[in-house]
Amino acid sequence: MLRRILPFVLLAFVLAACSATPDRASSGAAGGTAAEAADGIGAEGLADGDIAQSELEGAPMPGSQEDLEINVGDRVFFAFDSAALDEAAQETLDRQAAWLMQFPDLTVTVEGHADERGTAEYNLALGERRAAAVKNYLVAKGIDPDRILTISYGEERPVDPAHNEAAWALNRRAVTVVNVVN
Amino acid sequence: MTERGLTRRRLLMAGSALALGGVPFAARGQLRVDITRGQVEPLPIAVSPFAGDGAGAAELGRRTAEVIAADLDGSGLFRTIDPRAYIQGPEELRDLPRFADWRQINAQALVTGVVRTGGAEGLTVEFRLWDVFAGTQMTGFRYTLARRLWRRVAHKIADAVYERMTGEKGYFDTRIVYVSQTGPATDRVKRIAIMDQDGANHRFLTRGRELVLTPRFTPDARRVAYLAYRGRTPGIFLRDLASGRDRRIGSFAGMNFSPRFSPDGRVMLMTIAREGNSDIFAFDLSSRRLVRLTDHPAIDTSPSFSPDGREIVFNSDRGGSPQLYVMARDGGNPRRISFGAGRYGSPVWSPRGDFIAFTKIKGGYFHIGVMRPDGSDERLITRSFFDEAPVWSPNGRIIMFTRQDPATDRTRLMRIDLSGYDLKEIPTPTDASDGDWSNLIP
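These protein sequences, in sequence, are chains H and A.
Under our numbering, think of the first position of the first sequence as 1, with each following residue one higher.
Under our numbering, think of the first position of the second sequence as 1, with each following residue one higher.
Note that these hints are calculated values from the structure, not bench results.
All C-beta atoms, glycine included, are put in the ideal place defined by N, C-alpha and C.
Be aware that a few hints might be false.
[Unchecked claim] To spell it out: a stretch of chain H is covered by chain A in this simulated footprint if at least three of its residues, at any positions, have a beta carbon under 8 Å from a beta carbon of chain A; those stretches are:
#1 50-64
#2 82-93
#3 96-106
[Claimed, not checked] Here are the computed distance ranges between Cβ atoms for each label pair:
#4 H:P62 with A:F385: 43 to 51 Å
#5 A:K424 with H:D105: 54 to 62 Å
#6 H:A169 with A:G167: 34 to 42 Å
#7 A:R232 with H:Q102: 22 to 30 Å
#8 H:V177 with A:G167: 34 to 42 Å
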């Protein structure tokens, strides 16, 4: 009896170990170990059915893009043809400023975007204006301007490709992106 | 009414320069198509297969006639008659046409020609344009060229016919550059592509690894400026079409975009965004001197020169919403010219100087429109969910623009006569946007 359930116990143990591992790459390696362990037990009495396995997310690495996205908020949204930062945007940027203070070695790029309801060139200019509004706010909160680059994608990079007000509201945004150090 | 009278009326409607009995030659040359008049009755014209001398010449002669006919038909001003109706064949047409044969099929004009092959790569092409009812030759040229350029000569002949019949320059020996689009909307691959005006000789100029936008020909049609997200800062690059070489236009603090050249090709206008503020600058391509033309906290972008090079139309939201403004070439005396309800953008001055084309967004629709340079006489000539980025054919008669269909998400290049008639798609191998139309190839 014990031999019958042993592989499952082992598998559960390994999975539990995975969930405690913060790094996703190492959890993948542990998954491989589970398969090998099952093989080692031998064939007798083993169920033939597939065992579903899914990776458990660990906490994002502090100071990573994922950390910014999940724990801080990486983007702010704008009204139509506006670069004004509303209350919700300012709260997000306050958190971003505090977060950037925590990781003084990081530099970021603020990407400004527009919805499709304008001409392409005007929207490039509008995206610049939005990215600069975010940068200026962060600088006013004490972040070194040299740590913040800006770029505009105009209407070229929608997150929601639909052609309605809900999509346009999501696309009118400025996203703070952690620069990868080469 | 006699058949002769009918013919005269149709000719006048077409505004053509075709001769009728007794009209003095000099007077005919002054007739012009009035591009503000609206739809015209296409003029029936026969384009005979060209006779051939030498290896492959007859086949080349047939294809030359096909290219000419497609150009003329595509203009909306001519209607070519099906070659199967022609009574007199290409070989007989080496001599004077039997005009009665062409009158019988109601051709009012006739194009004939001869193609001679031979020599290393040599080709000689002759053509004549005939007034069928007067029984006279209207024009005729001989071209000597490398064989691989045969399509260009066909376009040049179509241009000669167009010019002789309408009194205006043609637009057939020209190219179109545009942004090819493939892939899903959230991960679009954009490549600069170039083709002849009729879609032939299509090729890509970039590989799609970087975002590219707004290709614009230099006035000599030899180079293309475009915006590329390449390196640390997106910027304008200039591609030499013959050598394939690319160079970045200067190195400026801030992103630069919206390139457009002066009519003499010496100056490139562009927008430079610094600290979030976009202003218009003129960059002298030989001295590499950069001159600021606007200095305003508003967005100033999309500059376009008048054909005399004296003024610049541009887009600005300095009045609270995006509108059109005209200023002197040195930036002086800016004045608003658009006052209708709605938001305006992407103005482009007609090569004829008489109109400015623009995009207008109003009531949930995008329009392509035209107005006089002083802002009067505004007319909207298209309406759809998404029309934008108008440019002119080099003779100022046709507007090409981008149309996106929200139901299918297809994005196409379209063209429409300035009068608002003859709307049609410009076929491209992939989705297409941001077209620019070259001048006649020198």
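Hint by hint, here is what the structure shows:
For the stretch 50-64 of chain H, the stated coverage by chain A is violated: 0 residues have a C-beta nearer than 8 Å to a C-beta of that chain, whereas at least 3 were required. Evaluation of the coverage hint for the stretch 82-93 of chain H: breached, as 1 residues show C-beta separations to chain A shorter than 8 Å, against a requirement of three. With 0 residues carrying a beta carbon less than 8 Å from a beta carbon of chain A, the stretch 96-106 of chain H misses the three-residue requirement, and the given coverage is violated. A beta carbon spacing of about 45 Å between P62 (chain H) and F385 (chain A) agrees with the range 43 to 51 Å that was offered as a hint.
Between K424 (chain A) and D105 (chain H) the Cβ separation comes to about 57 Å, which falls inside the hinted range of 54 to 62 Å. The hinted window of 34 to 42 Å between A169 (chain H) and G167 (chain A) is violated, with their beta carbons roughly 52 Å apart. At about 26 Å, the CB distance of R232 (chain A) to Q102 (chain H) agrees with the hint of 22 to 30 Å. Look at V177 (chain H) against G167 (chain A): about 57 Å separates their beta carbons, and that is not inside 34 to 42 Å.
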